[in-house]
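With the hints as extra help, turn the sequences into a complete structure.
One-letter residues, chain by chain:
Protein chains: 2
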Amino acid sequence: MIPMEGKVVRKGIYAECRDKIVRYSEQFGRAPGLAVLMVGDNEASGSYVHSKELAAKKLGIASELVRLPAESSEAEVLREVRRLNLDERYDGVLIQLPLPKTLDAWCILDYLDPGKDVDGFHPVNLGKLVIQREGVIPCTPYGILRMLEHYQIPLAGKQALVLGRSFIVGRPMASLLLNRHATVTVCHSRTTDLADQISRADIVVAAVGKAGMVTAEMVKPGAVLIDVGINHISRLEEAQRLCLPDELDRFEERGYAITGDIHPKAFEKASYYTPVPGGVGMMTVAMLMVNTLTLYERHMGVKGA
Amino acid sequence: MIPMEGKVVRKGIYAECRDKIVRYSEQFGRAPGLAVLMVGDNEASGSYVHSKELAAKKLGIASELVRLPAESSEAEVLREVRRLNLDERYDGVLIQLPLPKTLDAWCILDYLDPGKDVDGFHPVNLGKLVIQREGVIPCTPYGILRMLEHYQIPLAGKQALVLGRSFIVGRPMASLLLNRHATVTVCHSRTTDLADQISRADIVVAAVGKAGMVTAEMVKPGAVLIDVGINHISRLEEAQRLCLPDELDRFEERGYAITGDIHPKAFEKASYYTPVPGGVGMMTVAMLMVNTLTLYERHMGVKGA
Chain A
1 MIPMEGKVVR KGIYAECRDK IVRYSEQFGR APGLAVLMVG DNEASGSYVH SKELAAKKLG
61 IASELVRLPA ESSEAEVLRE VRRLNLDERY DGVLIQLPLP KTLDAWCILD YLDPGKDVDG
121 FHPVNLGKLV IQREGVIPCT PYGILRMLEH YQIPLAGKQA LVLGRSFIVG RPMASLLLNR
181 HATVTVCHSR TTDLADQISR ADIVVAAVGK AGMVTAEMVK PGAVLIDVGI NHISRLEEAQ
241 RLCLPDELDR FEERGYAITG DIHPKAFEKA SYYTPVPGGV GMMTVAMLMV NTLTLYERHM
301 GVKGA
Chain B
306 MIPMEGKVVR KGIYAECRDK IVRYSEQFGR APGLAVLMVG DNEASGSYVH SKELAAKKLG
366 IASELVRLPA ESSEAEVLRE VRRLNLDERY DGVLIQLPLP KTLDAWCILD YLDPGKDVDG
426 FHPVNLGKLV IQREGVIPCT PYGILRMLEH YQIPLAGKQA LVLGRSFIVG RPMASLLLNR
486 HATVTVCHSR TTDLADQISR ADIVVAAVGK AGMVTAEMVK PGAVLIDVGI NHISRLEEAQ
546 RLCLPDELDR FEERGYAITG DIHPKAFEKA SYYTPVPGGV GMMTVAMLMV NTLTLYERHM
606 GVKGA
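Going down the list, the protein sequences come from chains A and B. Note that the first sequence covers residues 1 to 305 in the working numbering. Note that the second sequence covers residues 306 to 610 in the working numbering.
Take these hints with a grain of salt, some might be off.
As the list claims (entries may be wrong) - Straight-line distance between alpha carbons at most 25 Å, and here's what the computed BS3-like set of lysine-lysine pairs gives: (1) A:LYS303 to B:LYS406; (2) B:LYS362 to B:LYS325; (3) A:LYS101 to B:LYS608; (4) A:LYS303 to A:LYS265; (5) A:LYS7 to A:LYS265; (6) A:LYS210 to A:LYS269; (7) B:LYS570 to B:LYS515; (8) B:LYS525 to A:LYS220; (9) A:LYS11 to A:LYS58.
In case anyone wonders, no lab produced these hints; they're calculated from the structure.
This is the structure we're talking about:
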């Protein structure tokens with residue numbers, strides 16, 4: 001049971017990015033640019049945006065936070081997206097989700113230049129992923145792929161199980177694994193034989209947001225367990241059921257615990273697993289930086305980008 | 306073992322289309338229009354195109370075949386696509402594949418207006434399928450879905466197995482089944498436990514182009530078997546192995562036989578199956594007509610189209 005440490009994988013990725021950015025900034029006379037558009041002030045979004053800004057700063061990516069009031073009309077938001085599409089200082093533009101419910105998020109995402117869609121949520125980029133063409137890969141699944149590569153987990157011919165079918169994680173993850181020649185099954189809330197499905201999988205990617213739903217009894221010995229869930233536990237009996245002693249201590253200190261979708265006891269049966277916290281969660285922002293850099297390279301005409 | 310007859314399903318679809326087209330043509334003053342762009346003269350393409358023209362004519366869809374010489378440059382083809390994109394008489398534009406190898410097919414498909422992409426191969430439409438948004442569904446998987454609906458095959462919570470991962474059939478089929486709440490597995494040439502996978506599936510969609518590769522021993526009794534393969538058999542021993550007596554008689558008359566990817570003996574174990582020929586193959590052109598009509602309805606602002 002080897003933990004796949006987000007920090008370790010990220011460190012290597014960041015070092016590589018930093019080197020490239022130093023070199024490119026000299027060569028091309030400007031750093032990669034990332035604009036983050038935030039409408040209204042959702043508290044969780046605010047802290048995500050902050051961590052994105054910090055990462056960009058650390059790597060030498062020029063990032064700008066553009067804020068619009070929560071009561072902005074669709075036309076106002078689209079006007080801002082248009083401005084960012086056209087502004088050559090930005091290689092990547094990110095529209096922070098969720099948008100206020102008064103706005104049609106799809107309409108706004110559709111309006112983003114797919115060549116600047118650093119989140120990879122534009123239909124063009126999701127479609128290109130399906131047909132294995134060069135596009136932009138959504139950050140969380142891409143981060144998982146990089147972790148699998150870092151730990152040299154073989155994928156071709158393996159049984160991969162994706163739990164969850166969101167367009168942010170589950171569906172693009174399934175496409176990525178399929179493109180790497182895994183046999184891929186997607187399970188979800190309507191799946192009737194989940195335990196049976198999990199028991200046959202060589203690789204499990206759990207992304208449903210249900211604390212500890214994959215239990216030790218379900219998993220195949222030696223499986224690779226990737227846990228995308230980040231669940232906030234505030235009840236003691238839940239913490240007792242779902243946490244190992246260390247995290248339980250933390251629960252007692254802080255009054256809450258963080259657990260994944262996979263019960264930590266299951267990790268003991270795994271060959272490799274991603275801890276929660278400290279696993280997949282550390283990769284998403286890192287891949288946003290990688291995507292920004294890739295879009296910059298394409299804009300600058302760097303070969304093979 | 307009930308055969309799912311392409312002819313029967315198609316008949317209902319065509320009747321519905323014809324009624325709508327008569328009504329709309331009166332209401333809006335023009336029939337739906339379909340342009341088929343063919344570059345060069347591939348013989349197989351020619352006969353497909355002919356069957357599309359016949360179907361359009363039968364339903365009252367105005368179809369035009371636009372031919373360009375095989376030696377056309379990319380710029381010339383793009384110019385023609387642009388003209389068809391802008392021509393308001395055409396609701397659907399189809400670029401007949403394969404294109405001559407001198408041309409970059411993706412570049413040309415990307416240039417097609419996604420709102421006229423009647424084949425559903427534009428990345429925008431493939432992406433919209435992934436995220437369950439209104440787009441255009443590729444004809445063969447859409448035809449299979451309509452057959453499943455016609456025979457009232459339940460999909461939610463069922464184990465569906467898609468054999469093959471092409472962007473024309475396998476991948477969009479997997480998305481469609483997932484959107485209908487099936488648990489979906491995609492298998493392909495690199496899958497290591499194919500027989501085992503097939504044995505657990507409630508619904509098998511075989512789209513690999515390997516005659517008789519799904520055998521009777523593999524399938525679960527009562528499964529629904531959808532056969533997309535159309536394989537041309539010209540050797541007697543193959544025909545003897547893969548054909549039932551009727552098709553074998555035809556082999557002796559014509560010197561060839563047509564078989565699917567599923568061995569006909571497997572159909573005997575199925576609850577429902579699509580015969581080859583006479584099953585899925587009859588649906589593709591029909592769904593092209595349905596897609597043309599849907600695009601027409603959208604252009605005309607018909608509600609719910």
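Hints versus structure:
1. A:LYS303 to B:LYS406: Holds, at about 24 Å.
2. B:LYS362 to B:LYS325: Distance of about 15 Å is within 25 Å: holds.
3. A:LYS101 to B:LYS608: Since the Cα atoms of LYS101 of chain A and LYS608 of chain B sit roughly 24 Å apart, the hinted pair holds (cutoff 25 Å).
4. A:LYS303 to A:LYS265: Distance of about 46 Å is beyond 25 Å: violated.
5. A:LYS7 to A:LYS265: holds (22 Å)
6. A:LYS210 to A:LYS269: Answer holds: LYS210 of chain A to LYS269 of chain A is near 20 Å, not above 25 Å.
7. B:LYS570 to B:LYS515: holds (16 Å)
8. B:LYS525 to A:LYS220: Holds. LYS525 of chain B to LYS220 of chain A sits at ~24 Å (cutoff 25 Å).
9. A:LYS11 to A:LYS58: Given pair LYS11 of chain A, LYS58 of chain A holds - Cα atoms ~12 Å apart, limit 25 Å.
Figure legend: structure checked against the earlier numbered hints; the only hint not met is number 4.
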